[in-house]
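K.L.:
Please construct the entire structure, taking both the sequences and the accompanying hints into account.
Protein chains: 2
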Amino acid sequence: MRIESVDIFYLAMPRIADIGDGSQGMALVRVRAGGISGWGECEASPLPTIAALVTPPSHSACHGVLDSVLGARLDEPADIGALAGLVAERGLDLLQTAHAWSGVEIALWDLLGKARSVPAWELLGQSASRPKLPYASQLFGDDPHQTWLHAREVAAAGYRAAKFGWGPYGRGSVAEDADQVTAARDGLGPEATLLVDAGTVWGEDVDAAAARLPALAAADVLWLEEPFTSGALDAYARLADRSGRVRLAAGEGAHNAQIARHLIDHGRVGFLQVDTGRVGGIGPAAQLARYARSKGVDFVNHTFTSQLALAASLTPYAEAPDGVLCEYPVAPSPLAVALTPVRLLGGDGLVRLPEGPGLGIEPDTAALAPYLKQVDIVVDGRTLYSTPELSR
Amino acid sequence: MRIESVDIFYLAMPRIADIGDGSQGMALVRVRAGGISGWGECEASPLPTIAALVTPPSHSACHGVLDSVLGARLDEPADIGALAGLVAERGLDLLQTAHAWSGVEIALWDLLGKARSVPAWELLGQSASRPKLPYASQLFGDDPHQTWLHAREVAAAGYRAAKFGWGPYGRGSVAEDADQVTAARDGLGPEATLLVDAGTVWGEDVDAAAARLPALAAADVLWLEEPFTSGALDAYARLADRSGRVRLAAGEGAHNAQIARHLIDHGRVGFLQVDTGRVGGIGPAAQLARYARSKGVDFVNHTFTSQLALAASLTPYAEAPDGVLCEYPVAPSPLAVALTPVRLLGGDGLVRLPEGPGLGIEPDTAALAPYLKQVDIVVDGRTLYSTPELSR
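Just so you know, the protein sequences line up as chains A and B, in that order.
FYI, the working numbering numbers position 35 of the first sequence as 98, with every residue one higher than the one before it.
FYI, the working numbering numbers position 46 of the second sequence as 109, with every residue one higher than the one before it.
Hints listed in this document are in silico derivations from the structure and should not be mistaken for laboratory results.
Among the hints, erroneous ones may be present.
Identical chains blur together in the list; that is why a pair holds if it fits in one copy or across any two.
[What the hints assert, rightly or not] Listed next, the in silico SDA-like pairs over lysine to any residue satisfying Cα-Cα at most 25 angstroms (straight line):
no.	residue 1	residue 2
1	K436	S123
2	K358	T256
3	K358	R301
4	K358	G144
5	K436	S454
6	K436	V405
7	K358	L435
P.N.:
Written out as structure tokens, the structure reads:
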């Protein structure tokens, strides 16, 4: 097959709240080849991502993604890796390339799986797809009481693990943060796994992060996520030296495999969480899952948006042992809900990849119509992008 | 003052050749406040950079740059640093933010310097602006004879240092690469400083890079630049262990100060070359210049485009001792030439910052007219960007 078209659809809630809920907007990718459509999702700002797809080149290392992808061969898994190399080389100086390519790469695995009638996880050479234990991923409440209520709700819904993040955490005093964490533990009960996400709030300030460790340890928190930005390797390493039983987790900001590996090698994190919609797609994420395992680090997906993004994020570590954790978006926006009728969370409280070929999930394009933005990008009177019809 | 407007102009040569000449396209930034215009240049793909400026938000960490900058206070240098922090936090998940903000940040220094009638280097707290020894920066010829001719030309033009890069280098055999380097040395003569730029051609392949070291040492090459991408820290460190007198240089790909520091701390480079138009602007570059010095590493600008970009790239290390090297674009495109009538290379063969306030350089907006692209970005019928008149 040859790749015939690549389109990125800008989807958004009618109003965007200024909170950390990343499911309010979406860059949905459709790739067509051989009469088949593959779908992917970039974990990215849609408009610059579309521009990175269609822009004319500025020089040999500054090409839009489309320049490299359109017409390329897609017959076997190795073709995707080769294309990834070409896109990276020709997009070296176009920073947004990594975010744009990630969604395209995912769509290529979906497409190739459909063409061969096998699931994407199998194309990666994995022997099985095993169920994961979902942790309910959500924002901290505005105050500890709200957080306690949210925690009670997810416990009542049957979740055995939950993560609270962003919101006021890390922005007030050490005591206020401790109250939030204690409220989360109280609401969940003593048995559930509790995780905390600081949303990069402390920059590179190791002492500010370390001051929160006693409360995290007292609440038996398994990991502290993103105390710092992905690039603050030295801060991670210094905090890891002091964090005791509370292990560090990071990786969602990594836009290539090198950055993610540095978090293991130089940042000494205990959990690596990459988002396939940012790190270059499913291929690099699968390599990172193996690398993490070889270093004694646990690999966990990052997913805060749709079930399509969840399927893409579970695929790289499908074969991990039963009961390994996975992030599960428990309060997705109506947009993220509308994307697919399928839910990967089963009645037994475990998450499984669908059995169909590719990612096993088809977007409900009709349900997305209310969220679709019409984008027109025109340069010197020439239309470089005009949102096409959103259909299979 | 309050920031009243920010515009990014997409400029390009009529035809873009598929070669490494980064001066073929340009993202020129104009910021207005208090009746003054400040100018900067992003070292970036223009169209995605404009989209990163004007895009609506997707969530609290996915704002366009304009959301944070418009209306912000600009009265003293610390205001620029504070704004940088805000832009980074609110643009955490919009990858292109770093490239877009870099040009805006440069324009803010230019603007603030003009408002206070002092050069930007002085605003940074530096005691002097000292002349630099330019190295003529150019592409390798298609064959050794062409390279030899180019080297003769720059030597005849009076350059005492020259760098050859990209083109066929690293893409053929070890012997062919050696012939290219030998030709460059023969053309330059034995006294001149010779530098070689591999343009990331070897990915992370340390052995491929190491195989070129004997020829580089034989030709007395001072540094080998970018054998690998900026993120390949382990490859840099392993090559540094084997490179002997030939020191490694890198940094142009760094889009924040952390990435650049990692090249020193974990990659063990001998020269750090950041581009102010990518690394977050003049402020982070100045901090990196001091950091490099504290670690025994030489700081050198990266500049392949205009004299405006050159002024921005020299400003962070203006006070470095007389005769420190600087990259000088010796074969800029007609677009880059048209940008400013000013040339920073003096008759004595040294490069000096202009004496005027800010960056000391004003774009010749009339001369740029033939290169200006009209960009229109429309979402749901609402025009988010339409290229305004290019004037002061």
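K.L.:
Now tell me, hint by hint, if it's right for this structure.
P.N.:
Hint by hint, here is what the structure shows:
| no. | hint | in the structure |
| --- | --- | --- |
| 1 | K436 <-> S123 | between (32 angstroms within a copy, 20 angstroms between copies) |
| 2 | K358 <-> T256 | within (23 angstroms within a copy, 44 angstroms between copies) |
| 3 | K358 <-> R301 | both (19 angstroms within a copy, 20 angstroms between copies) |
| 4 | K358 <-> G144 | within (24 angstroms within a copy, 38 angstroms between copies) |
| 5 | K436 <-> S454 | within (14 angstroms within a copy, 33 angstroms between copies) |
| 6 | K436 <-> V405 | within (24 angstroms within a copy, 45 angstroms between copies) |
| 7 | K358 <-> L435 | neither (43 angstroms within a copy, 51 angstroms between copies) |
In summary, the one numbered hint that this structure violates is 7.
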